[in-house]
Amino acid sequence: MRIFLKQLLRIGRSHIDHAALVGDLDEEYERRRAQSPAAATRWYLRETISAFLYALRDLTHLGGALGEARQDVRYGVRQLTRQVGSTGVAVVTLALGIGAVTAIFSVIDATMLRPLPYPAPHELVDILVDAPVMNGRAGRMSPSMEDLERLRESTDLFSTVAGWGSGPRELVTHPETERLSILRVTHDYLPMHGVRPVLGRSLDQRDMDPGAPMVALISHAHWQLRYGGRTDVVNEFVRFDTGPVPIVGVLPAWFKPRTPVLQPLRLPASFHALRGSGRLSVQARLQDDVTPERAAERLSAQLGVGVTVRSRANKASADARTTVTILGAAVALIVLIACVNVAGLLLARGANRHSELAVRASLGASRIRLIRQMLTESLVLAVPAAALGMTLAWATLDILIANLPLLPTDSPITLNMGVLCATIALLIPVTLLVGLVPALRLSRVQFSQTLARRNRSGGEALSTRGGQWLIAIEVALAVVMVTGAALMLRTVARINAVDLGFEPSGLITMQVLPLDGDGLAHANYYSGLLRNVRALPGVETAGLVDDVPLVVSFKFALVTGAGAPLPTIAYRSTPGYLDSLNPRLRAGRFPSEDDVRGQAGGVVVSESAARRLFPDGAAVGREITHGKDPRPWSIVGVIADLRHEGPLPLDVPGDSAMYTSQVFFPMEADALNVKAPMTLVVRPKPGASLTPDVVKQAATSVGPRVLIERVRTGDQLFGANILETRQRTWLLGMLGGLGFVLALAGIFGTTAYAVTRRTGEIGVRMAFGARPGQVVRTMVRDAALPIVLGAVVGLGMAAYAMRSIESFLFQVAPADPATLIGVAALLVMVGSLAAWIPAMRAARVDPITALRSH
Amino acid sequence: MGDYLGEFEQLVLLALARLGDDAYGVTIRDTLLERTGREASFGAIYSTLRRMEQKGLVVATMGEPEAVRGGRAKKFVALTPRGKAALRESHSAVVRMAEGVAGLKR
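Sequences listed follow chains H and V, in order. For the first sequence, the numbering used here begins at 215 and goes up steadily by one. For the second sequence, the numbering used here begins at 55 and goes up steadily by one.
Since the hints were derived computationally from the structure, they do not count as laboratory data. For glycine and all other residues, C-beta sits at the position ideal for the given N, C-alpha and C. A few of these clues could be false.
[To be verified] A partial selection of chain V residues facing chain H, derived with a Cβ cut-off under 10 Å: (1) R92; (2) S95; (3) G97; (4) A98; (5) G125.
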């Protein structure tokens, strides 16, 4: 044991010291052993441990370089806390840059480095076969099941070949009535992805047999949501409308199959040899050192048709490449600006430390020492900035992802260890970048010069101009970024301002479909539904309409009025529907129950339809016929054209004018004979706190089983349509905000620097009678010049650059003068303010002190 | 020179002064025990000696390897002139402070 202990003592000691110490210990040990061996051993152990601890302590306390490093850190912290304001600005600026970098690292990690969270992802491939040439274009399609089985035989090429397919959603009745999408897979699909169920079992060969009982696996999320995460769920069933299917396993949380239910893929015999069936896709795992190209060659020869073997990892990163590159470039720019800003800030603060540095130099600190000192200060600045930045990124990552354009990846975008390490590794170059120039500059002290008088060198004039260039460039860039954000904001405002013809805000809508029974049962259901819902407190009006008109879906009908048959979009609605939508009434009134009961009455048309059907005069009171049906319907009201599809222009072929010709035929709730879903529309009383859940509850409690989908409030109605716009607004808004903040920080720092550098000059002026106000104005004016210049240049750049986002905009021109001028004015004003604050310090300069120290 | 000596450092330096040529780990420790009643650990002694060597207050010489030490040499330490000066200053500082203070003498 003593031998081991002796080795322990080597730590932190020179060879000689170690030998001497161990020798002493042995000598003493021999002496004590003569008296009591046991006590001697105990003593030896104690001494060794104590000596070891002393060595450790000495390592951290003594040691030239380390001791100095601690000194530097303490000194740096003291320096930074002395000027909390600019330290805060520097830390926040760096934090913003670092936070952006952390976020983009996470994105890069999830979309490009590890887009497939499966074992050995580089081995995973998609397999496609050539499709017959159509329209002169060669395409590719999925192989057939027969192909898949043959591919499995090529074990030299693939270790696994699996298939998957998805189909229409299936109805489930318990615990919730809903339609679930199902992923159907072969038995080796899950093992290929390295997925092992957390409960129960995976699929096996037997499950693929068409004669075997059907089974299901559920996703982790679905398990939590609908089965309460119960561990006995393996004895439970997925209660399809067509019959319950036993659950045999639960998938792990990390695997996101995009559907809640997984089942064995059983294609009908007729599909077996069919390629491009739309019900099968083939994926495989390559054997070691088999390349996709080689596999493709061999397979093409084998199958007699061109085969493409495509690496899934490559595809995933290629898909993401453009978006990530743009984001990455933007982030790099932001970080660069942030670092330059902070460097400027450090220069500013360092400028009034000339004397202190000179004293240190004269006391023996070498230039290297001073540089090391200042770099340590930069590090002290960078560490909290990094911590803040990473925290910011972590806190906002979820929001960012929700609002950024969709990035293709199976992996979750999170801050994992790799991302954090990469960010920390970024700290070193950031610190150097930030601190090097100030360190080099400021350590160039010359003892006599600096203490005796102000150090006037050509570099001074250069840094004034340098500072002004900095301001101008940052303002120009900020103008471009903020203009982008402003244009997007105006686009959103324009979209919100579009007159939809009705008032969607506050509405509650849902799609309703009774599940069993015949037409009569349906009709009973709907009248019961309307009765229940109208009886709810807080409901002003409610009604039904067919064919889900509040989503883009059309039913054309030829309607004849005074002239030729007019193509229209026809709806059937119960009374209460139009009342709930509350469109603007141009003439007449909305239909009532009486109209409906008294056959052939109660039609409402849009004003465009009215104009086209009856060009000669009013439509109210006139009659129209529907298609070939001779029965006349009389019109009771005319409303403004409705924009059911939302504010953005329709993307439809043909004549879009037709879509404004709208006709609403009356429908009696209890005369319904439909098997298609109806849309229920409810208008709550003003100020009532009616929630969709309450209405949903009323809809399910009528009696028969009913499927309720697309539960939405009025504000969510057009959400899908304007999603892209909203995402882009977010992205550009953030970039604009960052650019704005950084530019302000830059102006602030540069002006502060100028003030401290020119303290002597200010002192002279004030000694000669200049008033503080005049001095401040001078400083601001010096900053204002580059600000205005930068703004003007920025305007030009923006007018040009904004053309690239023209497709994002709605009813706003990319070079919209009002926006451009507004942004420029804003930056000039706020920028001047950012210069004014540090300039105020100039006013507080005591002329005598200023003169004396310079 | 203005080097401040801690209490233990003073004792160690005094031990060196007493021991002269014969000062190494074991003897320093014995002297401390004998004259002050304190059992110092080798770790503390070596740490102190190292610090003082860095400050230039002591200087070391190597002895001959000995069997009882497992074939290892002794490291002898002695005061440098600077070390002597430091010791003198510290000691006189203590003496000056203690002068006239009642209750110190036993």
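Status of each hint after checking the structure:
1. R92: Violated: closest Cβ of chain H sits about 14 Å from V/R92, beyond 10 Å.
2. S95: holds (4 Å)
3. G97: Cβ of V/G97 sits 3 Å from chain H, so the hint holds.
4. A98: holds (6 Å)
5. G125: holds (8 Å)
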